[in-house]
Amino acid sequence: MIIDATNKYYKQLNEEIKHTQTHDITVKNVLGQRYIGTGVKDKKMTVYGTPGNAMGAYLDNIDIEVFGNVQDAVGDTMNDGHIVVHGKAGDTLGYAMRGGSIYVKGDAGYRVGIHMKAYQDKQPVIVVGGCVGSFLGEYQAGGTILVLGLGSQDSSPIGNYCGTGMHGGNMYIRSAVKPEFLPPQVSIELCDSKDMAVIQPLIDQFCEYFDIKEDILRDKPYYHIFPNADNPYKSLYTSY
Amino acid sequence: MLKKEGEIRIPSGCAISGIIDRTGRQSINGRTIVDSIAVMHDRSNGLGGGFAGYGIYPDYADSYAFHVFYDDLKARQETERYLDRYFDVVNMSRIPVRPNRNVVDAPLIWRYFVNPLFNRIQEDEGEIDEKKFIVETVFYVNTYIDGAYIFSSGKNMGIFKGVGFPEDIGDFYKLEDYDAYCWTAHGRYPTNTPGWWGGCHPFALLDHSIVHNGEISSYDANRRYIEMFDYKCNLLTDTEVITYIIDYLKRKKGFEYEDIAKIIAAPFWEEIDHMSEKEARKMKLLRNTYSSLLITGPFSIICGFDHGLMALNDRLKLRSMVAGEKDDVVYIASEEAAIRRVCPDIDGIWAPRGGEPIIVHASKEAM
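Residue numbers (UniProt numbering), protein chains in the order written: chain G, 1 to 240; chain L, 1 to 367.
Hints may contain errors.
[What the hints assert, rightly or not] List time: in silico SDA-like cross-link candidates among lysine to any residue, alpha-carbon distance up to 20 Å:
id: 1; chain 1: G; residue 1: Lys213; chain 2: G; residue 2: Ala229
id: 2; chain 1: G; residue 1: Lys11; chain 2: L; residue 2: Asn45
id: 3; chain 1: G; residue 1: Lys8; chain 2: L; residue 2: Lys155
id: 4; chain 1: G; residue 1: Lys8; chain 2: L; residue 2: His41
id: 5; chain 1: G; residue 1: Lys28; chain 2: L; residue 2: Cys343
id: 6; chain 1: L; residue 1: Lys282; chain 2: L; residue 2: Pro298
id: 7; chain 1: L; residue 1: Lys155; chain 2: L; residue 2: Lys282
id: 8; chain 1: G; residue 1: Lys178; chain 2: L; residue 2: His274
[What the hints assert, rightly or not] Looking from chain G toward chain L, a few residues come up when the C-beta cut is under 7 Å (computed):
id: 9; residue: Thr50
id: 10; residue: Glu65
id: 11; residue: Asn69
id: 12; residue: Gln71
id: 13; residue: Gly90
id: 14; residue: Asp91
id: 15; residue: Gly109
id: 16; residue: Leu182
id: 17; residue: Pro183
id: 18; residue: Phe226
Keep in mind that the hints were calculated from the coordinates and are not lab data.
Glycine included, each C-beta is placed from N, C-alpha and C at the ideal position.
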């Protein structure tokens with residue numbers, strides 16, 4: 001089923017998507033329509049154009065592949081499913097994400113993966129091929145963020161204040177230099193073989209999605225950023 | 001009954017868009033900027049929309065163009081008496097509008113092309129700086145003539161704004177009749193003040209105009225400082241004060257826009273600690289001297305000026321903004337879709353970092 005989004009208001013477009021009978025849906029000429037994929041169940045969507053804000057918000061078990069750039073708040077609070085973006089992403093990618101995966105080929109904006117969390121089998125993953133802005137993984141509580149830094153050359157691919165308030169989960173950064181401006185509650189170390197074993201499946205998946213040769217991802221070290229105590233805020237408000 | 005501020009919440013955010021032709025040619029029709037801002041309809045709530053066009057009055061390029069809202073005939077007569085005393089009014093007319101069913105309660109909207117009469121002014125005031133006199137005229141009319149409001153006062157540029165969605169306001173003012181080398185646009189969700197025609201964006205003084213998405217938490221600190229230099233913040237909204245800050249730093253203090261950006265969206269002290277000694281010394285000087293002009297809180301702004309514009313985010317980048325360029329035309333907007341609507345095949349859309357200005361100059365030797 002192919003839906004042409006030209007000049008359609010987001011409500012109309014999302015109604016059409018929702019009421020499509022086929023499992024596979026292609027949406028063409030998307031331009032700024034919000035909430036694509038939200039409230040839809042059991043579909044595989046291919047999107048061409050520039051989807052509007054909050055694409056895949058609250059996403060549940062839907063796969064969305066986008067040929068184009070995405071805007072802000074993609075995958076906001078998503079529960080399950082897979083988002084693949086053959087382009088760049090805006091700010092607050094994967095905000096409060098709690099399950100599923102987001103893969104972005106290019107750069108992403110500020111506040112990627114903030115408030116991300118995990119519980120038992122819900123283990124969210126964000127992989128960004130390019131660089132990201134400041135506040136990566138701010139208040140992260142769980143899940144995995146991997147930034148591959150393609151195009152960052154000799155500088156760090158992440159902005160400032162990465163991991164401020166982080167108290168769970170893991171971030172991995174491929175970078176020629178050790179990232180700076182980290183807050184006191186996180187630690188940073190070069191990845192060891194155990195860490196690499198964790199992220200290798202994500203790298204493989206990235207290369208598969210975007211048809212990239214893995215060799216180009218081996219020339220720089222990977223850094224692991226993690227909270228430096230099991231529960232750094234345990235005694236913030238109480239003394240026990 | 002109309003609900004007051006705090007009793008109702010309308011979830012929305014503002015939208016901004018700007019387009020500039022580096023060659024300085026009036027190549028951008030008003031329809032283009034309307035199409036761009038209209039894509040972001042849901043960022044506005046119909047309580048304000050507006051546009052600034054630069055290069056739209058080539059026939060009167062050397063005169064100041066005053067756009068004025070009047071509540072009634074009395075306000076108009078009083079204002080015209082005042083203008084007649086100090087200005088040679090080269091041309092005056094109502095600004096052409098077409099009825100739009102979504103645009104209601106419009107004031108009387110007039111346009112005057114004026115040249116200051118220096119001998120008259122000198123007789124009354126002594127030697128005086130021309131731009132300073134224009135600013136004083138704007139503040140005088142807006143403060144002391146009840147029901148009159150000059151909302152545009154630059155040369156070869158003009159503001160078109162009102163209460164409504166931006167696409168309706170653009171239709172109302174027939175913007176397709178204007179060609180510019182630079183346009184900026186705004187769709188508004190009023191945050192702390194009721195929507196009224198004068199309070200819509202862009203705010204302008206002389207050739208500076210500001211469209212703004214966000215809310216400034218440093219408003220009162222900024223206002224107290226800028227009022228020491230004879231600016232009157234009588235609209236009680238944050239965007240007005242940004243306009244005056246930029247006018248003050250540029251016109252009165254002679255700063256370049258790069259430095260103005262570093263004053264209003266100053267780097268953090270810990271970032272300054274990592275700068276080279278020379279740069280750090282300059283940043284410390286600016287931060288210490290103009291600490292009251294630091295703007296905090298979320299903002300993305302586009303400041304239009306004579307043959308150029310500056311786009312700037314707050315240093316934490318709490319509002320989105322992207323930019324792109326194709327064939328000498330630079331596009332800046334809150335959302336990428338607003339750029340792609342008017343330039344579908346643009347390459348290399350990028351997002352500036354927080355506090356990193358985009359400054360574009362247009363050539364003054366347009367063909």
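Practice problem: Could you work out which earlier hints the structure fails to respect and list their numbers in ascending sequence? | Solution: 1, 3, 6, 7, 10, 16, 17 and 18
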